[in-house]
Amino acid sequence: MFYRETGQFKTSYTADEAIFPIAQDRWFIFGVIAIAVFVVPFLIDDYGANAVLLPFLAYALAAIGLNILTGYCGQVSLGTGGFMAVGAYSTYKLVTAYPDLNLIVIVILSGLITAAVGVLFGLPSLRIKGFYLAVATLAAQFFLVWMFNKFDWFCNNCATGQITMPTVDMFGLQITGPGADPATRYLFCLGIVAVFALLAKNIVRGRIGREWMAIRDMDIAAEIIGIRPLQAKLSAFAVSSFYVGMAGSLYFGVWLSSAEPGEAFDINQSFLVLFMVIIGGLGSIMGSFLGAAFIVLMPLVLKNFMVDGLNIAVVTAKHVEITLMGVLIIFFLIVEPHGLARLWQIAKEKLRLWPFPH
Amino acid sequence: MDWLFFTEIVISGLMAGVMYSLVALGFVLIFKASGIFNFAQGVLALFAALALYDFLAPEGWFNQLFGFTLPVPLAILATAGVMVIVAWLIERLVLRHLVNQEGIILFMATIGLAYVLEGVGDILFGSDVKPLDIGIPQGAHDYLLDTYGLYIEKLEIFAAATAAVMVAVLAVFFQYTRIGRALRAVADDHQAALSVGISLRTIWVIVWAVAGFVALVAGIMWGSKSGVQFSLSLIALKALPVLILGGFTSVPGAIIGGLIIGVGEKLAEIYIGPFVGGAIENWFAYMLALAFLLFRPQGLFGEKIIERV
Amino acid sequence: MESAAEMSHGKKIGDIVLAVDNISLSFGGVRALSDISFQVREHQVLSIIGPNGAGKSSMLNVINGFYHPQEGLITYRGVTRKQMKPHEAARQGIARTFQNIALFKGMSTLDNIMTGRNTIMKSGLLWQALRIGPALNEELAHRERVEQIIDFLEIEHIRKTPVGKLPYGLQKRVELGRALAAEPSMLLLDEPMAGMNIEEKQDMSRFILDVNNEFGTTIVLIEHDMGVVMDISDHVVVLDYGKKIGDGLPDEVRNNQDVIDAYLGVSHD
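Chains as they are written, first to last, in this note's numbering: chain A, 1 to 358; chain B, 1 to 309; chain C, 1 to 269.
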């Protein structure tokens with residue numbers, strides 16, 4: 001009843017190619033953005049920022065990055081954790097070396113450095129496909145974590161390998177470091193994530209995005225119609241690593257403020273982001289957000305339910321969480337391999353018919 | 001150059017390699033027969049070892065339910081039975097619903113499976129380290145130590161012998177039996193196999209049960225060596241480079257790949273390690289596999305994929 | 001010989017644009033092609049026919065560089081090579097369709113055909129991300145061109161449908177659209193009418209002839225339906241067991257005893 005397209009005719013290709021062609025969708029998104037920008041900063045507290053919103057934003061960016069590589073271009077990567085580490089350590093070195101540099105510039109530079117590393121590790125992908133590529137990315141994952149642990153230069157000659165983000169101000173507001181206001185930290189991340197999500201959406205619906213999807217769907221045919229696999233795959237690695245690097249920068253710099261390579265960037269992180277992409281929906285920017293939200297919220301919901309509600313031991317709750325994660329992955333793969341994004345679309349389809357059943 | 005030391009390293013590496021091969025064998029079986037890369041193989045080994053421990057230990061569920069623990073041979077049999085049930089459940093709840101999906105979907109399903117098995121294992125059996133002693137001889141081999149000065153663990157020799165026997169049995173099974181042929185058909189094309197009347201479900205249960213048994217053997221060996229603990233499941237990650245070298249579909253490849261990785265790792269750690277600060281065992285195997293892939297994307301023994309349009 | 005063809009279809013046939021000489025191709029022990037030579041002339045519709053397994057698809061694959069022959073030479077537009085590379089062939093104006101449809105199943109009809117324009121689209125990553133100025137204009141200009149192709153092939157109603165969901169006949173049409181989007185000078189069609197009923201075949205034949213007439217595209221076609229072959233071809237090459245057993249005008253080939261023995265001896269629809 002409310003969600004109908006009648007009367008909405010597109011009279012130009014520009015209108016037809018809009019990200020949200022249906023007016024109701026546009027209103028909904030504007031509403032969400034309005035709440036996110038104008039309402040949340042007044043309600044947010046330290047817990048909300050540290051437990052929910054900041055990890056959500058950082059992981060959403062990482063999920064977009066991985067989705068570009070795996071969901072759009074079909075190249076499986078299990079090295080996301082390692083690349084987030086590259087972004088984090090780049091941020092650390094840049095901030096300690098050039099403390100007056102604008103934080104936004106630092107985040108972008110971290111992304112670019114990670115992109116370069118990503119291209120390097122992506123070179124083998126030209127000859128290697130499928131599972132073999134997944135294993136190659138595991139090589140990157142283990143190597144990078146080892147490297148950051150081993151060489152003191154990365155953490156400015158610390159004893160433990162742990163890095164801590166110094167206080168950084170921007171326009172007079174403190175964004176990182178102890179004591180920073182949760183609203184400022186949140187808005188900073190929100191701004192970066194929103195802008196770069198839009199850029200990502202533009203890329204994937206343009207020529208380069210189509211090239212990636214062609215490679216994913218049938219790379220032989222793609223080559224035969226003139227797409228150069230070398231360029232397409234490397235560009236996917238580059239853009240993906242750029243996003244993952246920026247995610248690592250926000251993850252360490254704004255959210256955690258201190259990190260150890262063995263824990264914060266290990267293979268479990270890689271799996272976590274992969275799960276976000278699968279559950280959220282492969283090949284969907286919106287899905288990256290949905291998946292990140294799901295994975296960030298689920299442990300909290302479970303913990304509140306099991307530990308506080310049913311008085312189960314924390315350790316057991318953790319085991320249940322692991323089991324449930326696995327069950328959900330399998331469930332989604334069986335029922336809806338295209339994830340929450342597809343379920344969202346189906347819900348909208350049903351909404352168009354509402355209140356009629358069919 | 002201390003040749004004695006070198007030989008010890010090489011043999012130690014070979015032994016470690018055999019242990020890797022045992023895990024890799026399970027992967028190859030499942031991949032060969034169902035086209036699935038089973039990321040949960042390592043966790044299966046852990047789960048099998050946990051179940052075995054439970055049958056043997058006074059504080060296990062079995063003793064609490066029935067009042068006695070099993071002698072070693074019966075316990076192993078019982079665990080094999082448990083693995084068959086697990087295989088049946090996996091087929092029923094997971095595989096059946098994913099027929100003819102792409103490889104990547106199946107792979108990710110096995111990652112989910114690994115998490116499930118790990119979580120359930122932890123809930124049922126607890127996550128503390130458990131010693132596993134089923135009577136495999138421990139300690140150094142006396143004859144070799146006294147005569148040649150070589151320190152080689154008896155356990156590792158036992159593992160090598162077991163692996164050799166298993167490989168021989170599996171090779172015969174695949175090549176010469178009707179079921180083996182059906183397994184290979186299923187690996188090629190699920191739907192085609194269905195259309196010639198091969199019962200996909202039965203085949204899958206059989207394969208996963210056999211893989212479960214292989215996992216059990218691997219779990220016994222590793223568990224006896226370093227206790228049954230969570231890190232056992234991480235062995236699966238080590239098996240991946242083995243498979244890359246040996247090819248995903250080759251049983252001899254899994255063995256040889258394992259040996260190469262085992263020796264390579266040890267040698268690298270001893271001779272290259274000191275120059276870069278040590279602990280390169282973490283990633284050396286992967287780098288070796290990666291280097292290999294660049295020259296031979298299908299591994300040493302894997303089948304060359306010819307793309308048809 | 002040529003003047004008879006010019007007369008019968010009323011169009012001008014040009015010079016030799018593609019020549020294959022002594023092409024031999026083997027896979028391991030299997031010999032797919034033995035010493036094949038023929039020429040294709042500009043604006044011509046040339047059909048390759050022969051029983052199953054004769055090597056027809058392999059021949060097309062050699063022409064656009066997917067298979068590399070062990071012996072022989074390919075001369076395209078005056079340049080002689082021992083083998084082509086697929087994306088080079090594409091960028092030189094050769095487009096093709098496939099026997100078992102090679103569409104990008106995850107994308108819509110519109111996106112699939114837009115992908116065909118890739119060799120012509122130029123804008124860089126940064127402009128694409130911002131989607132303003134040159135990138136946006138380029139995208140819209142190509143969208144317009146693609147819409148013209150969609151009109152031509154009468155597939156407007158399925159432009160946003162993921163191609164994986166389309167019936168076989170429509171998928172074949174979309175694939176033709178994708179090949180046309182590259183504005184090729186030579187079109188290789190591998191059994192474009194396989195599995196179609198009479199109406200669909202008529203439609204497809206019409207499309208192919210329209211492309212040939214309006215844009216002057218050279219067409220090399222593999223087809224089993226003899227009625228279609230005889231109707232629309234200017235020239236026919238016959239393969240059997242990897243060897244060439246016929247090469248000439250449709251009527252000549254129809255009356256060639258070797259060809260009849262190998263292929264046309266059975267009754268057909």
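Rather than coming from a laboratory, the hints here were simulated on the basis of the structure. Glycine included, C-beta positions come from ideal geometry on N, C-alpha and C. Any given hint could turn out to be false.
One side of the interface only, derived from the structure: several residues of chain A facing chain B at Cβ under 8 Å [claimed, not checked]:
| # | residue |
| --- | --- |
| 1 | V76 |
| 2 | L112 |
| 3 | R127 |
| 4 | W146 |
| 5 | L230 |
| 6 | F305 |
| 7 | I322 |
| 8 | T323 |
| 9 | M325 |
Enumerated hints in conflict with the structure, sorted upward: 2, 5, 6
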